[in-house]
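Visitor: Work out the full structure: start from the sequences and follow the hints.
Below, each chain spelled out in residue letters.
Number of protein chains: 2
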Amino acid sequence: MYKGGYTSKILRVNLTNKTSKEEALPLQTAKDFIGGAGFGIKFLFDEVRGGVDPLGPDNKLIFASGPFSGTTIPCASRMAVTAKSPLTNAVGVALVGGYFPVELKYAGYDVLIIEGKAETPTYLWIKDGKVQFRSAKKVWGMKTTDCQQIIKNELNDQNVRIACIGPAGENLCKLACIINELRAAGRKGLGAVMGSKNLKAIAIRGSGEIAVADRDKYKTARDNFAKLMKESPVLYPQFSKIGTPMVVDHACAIGIFPTKNFSATGEYAPVDKIGVEAQLTRNVGSEHCYGCPVGCSQVKVAKTGVYEGIMAEGPEYETFFSFGGQTGVENIDAIIAADRLADELGLDTISAGVTIGFAMELYEKGILTDKETGGLKLNFGNDEAMLTLLRLMAYREGIGALLADGTKAAAKKIGKSSEKYAIHIKGLELPAYDVRGAKAHGLNFATAYTGADHNRGYAFQEIFGIPIPNEVDRFSAEGKGKLTKWNQDVRTATCDAPTMCAFLLDMAVAAQATQNTADLMQAVTGLNFSAEQVQTVGERINNLARGFNAREGFCRSDDTLPERLMMEPIKEGASKGQFISKDDLRKMLDEYYTERGWDLDTGTPKREKLTQLGLSYVADALKL
Amino acid sequence: MYKGGYTSKILRVNLTNKTSKEEALPLQTAKDFIGGAGFGIKFLFDEVRGGVDPLGPDNKLIFASGPFSGTTIPCASRMAVTAKSPLTNAVGVALVGGYFPVELKYAGYDVLIIEGKAETPTYLWIKDGKVQFRSAKKVWGMKTTDCQQIIKNELNDQNVRIACIGPAGENLCKLACIINELRAAGRKGLGAVMGSKNLKAIAIRGSGEIAVADRDKYKTARDNFAKLMKESPVLYPQFSKIGTPMVVDHACAIGIFPTKNFSATGEYAPVDKIGVEAQLTRNVGSEHCYGCPVGCSQVKVAKTGVYEGIMAEGPEYETFFSFGGQTGVENIDAIIAADRLADELGLDTISAGVTIGFAMELYEKGILTDKETGGLKLNFGNDEAMLTLLRLMAYREGIGALLADGTKAAAKKIGKSSEKYAIHIKGLELPAYDVRGAKAHGLNFATAYTGADHNRGYAFQEIFGIPIPNEVDRFSAEGKGKLTKWNQDVRTATCDAPTMCAFLLDMAVAAQATQNTADLMQAVTGLNFSAEQVQTVGERINNLARGFNAREGFCRSDDTLPERLMMEPIKEGASKGQFISKDDLRKMLDEYYTERGWDLDTGTPKREKLTQLGLSYVADALKL
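Protein chains in written order, with numbering that gives the first Met the number 0: chain A, 0 to 623; chain B, 0 to 623.
Be aware that a few hints might be false.
The list treats identical chains as interchangeable, and a pair is accepted whether it falls inside one copy or across any two copies.
Stated by the list, open to error - Using 30 Å as the maximum straight-line C-alpha spacing, the simulated DSBU-like pairs for lysine-lysine come out as follows:
1. K575 - K481
2. K411 - K608
3. K151 - K136
4. K151 - K229
5. K116 - K302
Rather than coming from a laboratory, the hints here were simulated on the basis of the structure.
Guide: Right, here's the structure in full:
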């Protein structure tokens, strides 16, 4: 038993046998991995052997919150959802906020591990340690908002919090996400994993409390944290009013807002159509995750045409890219509508939008024709086609069946020269950064254990000049190996593991991130953490995840970038002429592997490094 | 203070001044009017003088529940919403169930009277006697489901219950309704009244309890009631599994399911497409109003095409008519989608569908052309056009602006011969009964104080042969005046006033209705009611409502039927050849007025009748 933060309990649910049991969370696991993505990857490595089918019953779906969730520390009601990704076959981790994560803690659990496969559509009802397996017949086929409401009604409790899949997850679309409220554990097809288990939803309600180990230290650490947040020139003054989409204008200004399937970055920057000024004409107010004083989620209501009256919580920056720049759609109301539709269908907005943009380029190039699209005019900028295609993808109908599993799978089926237009890494579609103009971010995309993932090691030094403007040259490949390691380890250790909102790292705590986390860990859990130890947790998690991927067969050659980003320079704008040459990538990788203590040829962690991190069992598993 | 049932308090809210006050509910009002529609009409008559603009600040919007709501008597969480109707200029009463009505009681009120007009979009937050006027900026423009969720989030209380309007109400569409959860206080444009007051929503939460006067009597009365319900051959065995849409097959079988704007009743009966067998392929389960053991609301999920995955609580029978038979749309999934869209836009499904069917007939007859419709192909059976038109009506865009206020207003604007295709009475569109084949029901439509309203005096004897099969000849005009008076008075007294679910009257209590209500009233309130006194309450309310309408200028000539129903016999089917001739109508009206003690020339209650009912003040107001 710990003194604070953790509930110290894991709930293990087996859908095949309809059994559940509680297990103690080992103290060493807490010390080594903190929580969240750390726990998820630890259990995934230990329990999901190499080579299992991600959509088979042997894959596991792991929900893990962090030690601060349920305390009064702000911005901590988050969780990591972890499984072997059907989209990448690598570690799949998606972080999400809202209210479900804290409810999991209040219900008594740090971690929920879902195993097996239910015989018929099922949802779980977890209330303060009691688990029920309930028929999901009533909500199967239902969109996510309705699903949540109907389950609340069925349980006669409006305070239940629910994570669920939409039709996309039911149909095993590899772009499917998991939705709680209108928030998405978005990427890597984790919704398909849930669907493959016949698990429509998890409903949860708890009345527990989360203790704090040292009240005095807690007050100090919490106050310091709040002070850092308050002192940020961006967090409250701008971010709380505009949210992530404020990045649209900035990314366009520095020439890294990707447009038209990364073919027109810098040439085409629809700031006047979907930038902050346009966004504010649609903002009606903000929504908050549990315990968050910032409230970055900007509720928008569409105002025109067939989209009039459609509300979205968002779209976030990424979605203004994926349903906007990437597809050439300039109609802000269509983007709002597509965002909401994707949430309702349970589709990841990034991967879905990138896949649609990919299909649009193929259509414009004549590689896909009306024959394949069933007459759908998939030209860039066709907003109605975009919304139609979203639906078709979720239901695997018509051309949607071809695209439902993302760009990599689609390119394989389409053949011809389509692969060179498939903008993905390890199967995961690129998010909203044309990393030709931000090279550490590019290296991060190439090396992140989840694939092209902005959330694994966001290079805020390059994108925003934080904490020191112009300290890092975003066009240079120099020193980016070391920077990327730092970004990945620190972000993992201070956001993904303790499940703290990543925006705080980027905008408020930055260089103090590890010390801040160490202070909070000491105060909340009573475990003795230094800033260095926190950072080591980040390194440990990244090495363990890399070990998982190595066991799946991933190696150095998978740490690459889409061909377009290495061959075609950005044509116009503030990043004009930039690209990441194969030579630059090679150099950055060499530096990165060296910094990481990984083998330069294979990109696999060396036994020595693993042992140093307490991961000799990984070395054993990999037969190093 | 009463011993039970009533909270004995009225909450009066003035939006102009942002003030609220509590008033005692007079004992005599309770005795004379029981509750619900009784209270609504009483306050409307007393407080809204003749001739006020229904969409002006002098109209009032009155929410009133009944004395059983909040007790354990089943099927009593209902309320009447009352105002002067902008659609008819007559009394506007709509009954609705769900959870809001009981929450109003728990918050401490039998009645909520809304006065004036807020300067800016506002919602009310009423919690256990405290009233807040809050900005509705965030939810203005929002559809009804999102609006309710966002308000719950803003109030940080998921147990709040909310009644709100959608875009249709905001845009003063006279077909707008008021929605709580997915239930509608549907007809007579009460949503426009709410919109005219700049009132987007009323959020309510209460923790009070409702006392019962005599526990022994209560147990007996409640058990008797439950027994009547249990003994019904229809209520649990069928109605709880199929709900109101089970009437589709029956209405087709007896030839009174109206189709294609009442032009093809009997000729065209799409039972195989939208009848019970087809419905069951879409049913996923049922929803319940608070405290209801029946759960008639059948949740449906659409399965095909662009409608796939859309859920509706319903559609009810009326909506299978209005978006199905009336428009010739046979696609059950389109009907499900239209039902949900109407709920989200806050449009009454009956009036909206009838208006669309009206426009379709005009289009097919060339009275409306592509010029007026903006190219929308308004042919019968065009489901996509139907859904498009719903949106246009809610936003008053294009052809929608012409149709947004219903058939009567549209016919006036269109001119030509359009009025003869406008199927309304007193401005209210006809519901799902072609009363050419059910003459008491037709007389009820002609005389109901709200216009063509199946809910004011449903002729279940004609439609279902309840309680005695074949006792009443539905094709005959004989004796229908007396029957209609009985139906109207009993339904008012046993359903609308005590706010009990009307389906119980039709299917379970029938002939015992007034005794059942008297027993429950005695037990719950301690007031001494006989069956006769209950029925007299119904008569009193109908006379008071008639008095209100007379003050507005309504007279005998308004008690009429659409020309088509009096001129064109039903062409095919089990009611072939039937129509209600002008002579039949005249005879039925004469009998009805005579039974009612109303003047045969004017159709106005005589002073003698009013005095006998304790309504001499109505006679005074009408200068009789």
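Visitor: None of the hints should be skipped; say for each whether it holds.
Guide: Hint-by-hint comparison with the structure:
| no. | hint | result |
| --- | --- | --- |
| 1 | K575 - K481 | within (26 Å within a copy, 87 Å between copies) |
| 2 | K411 - K608 | neither (37 Å within a copy, 84 Å between copies) |
| 3 | K151 - K136 | both (15 Å within a copy, 27 Å between copies) |
| 4 | K151 - K229 | between (37 Å within a copy, 28 Å between copies) |
| 5 | K116 - K302 | between (43 Å within a copy, 25 Å between copies) |
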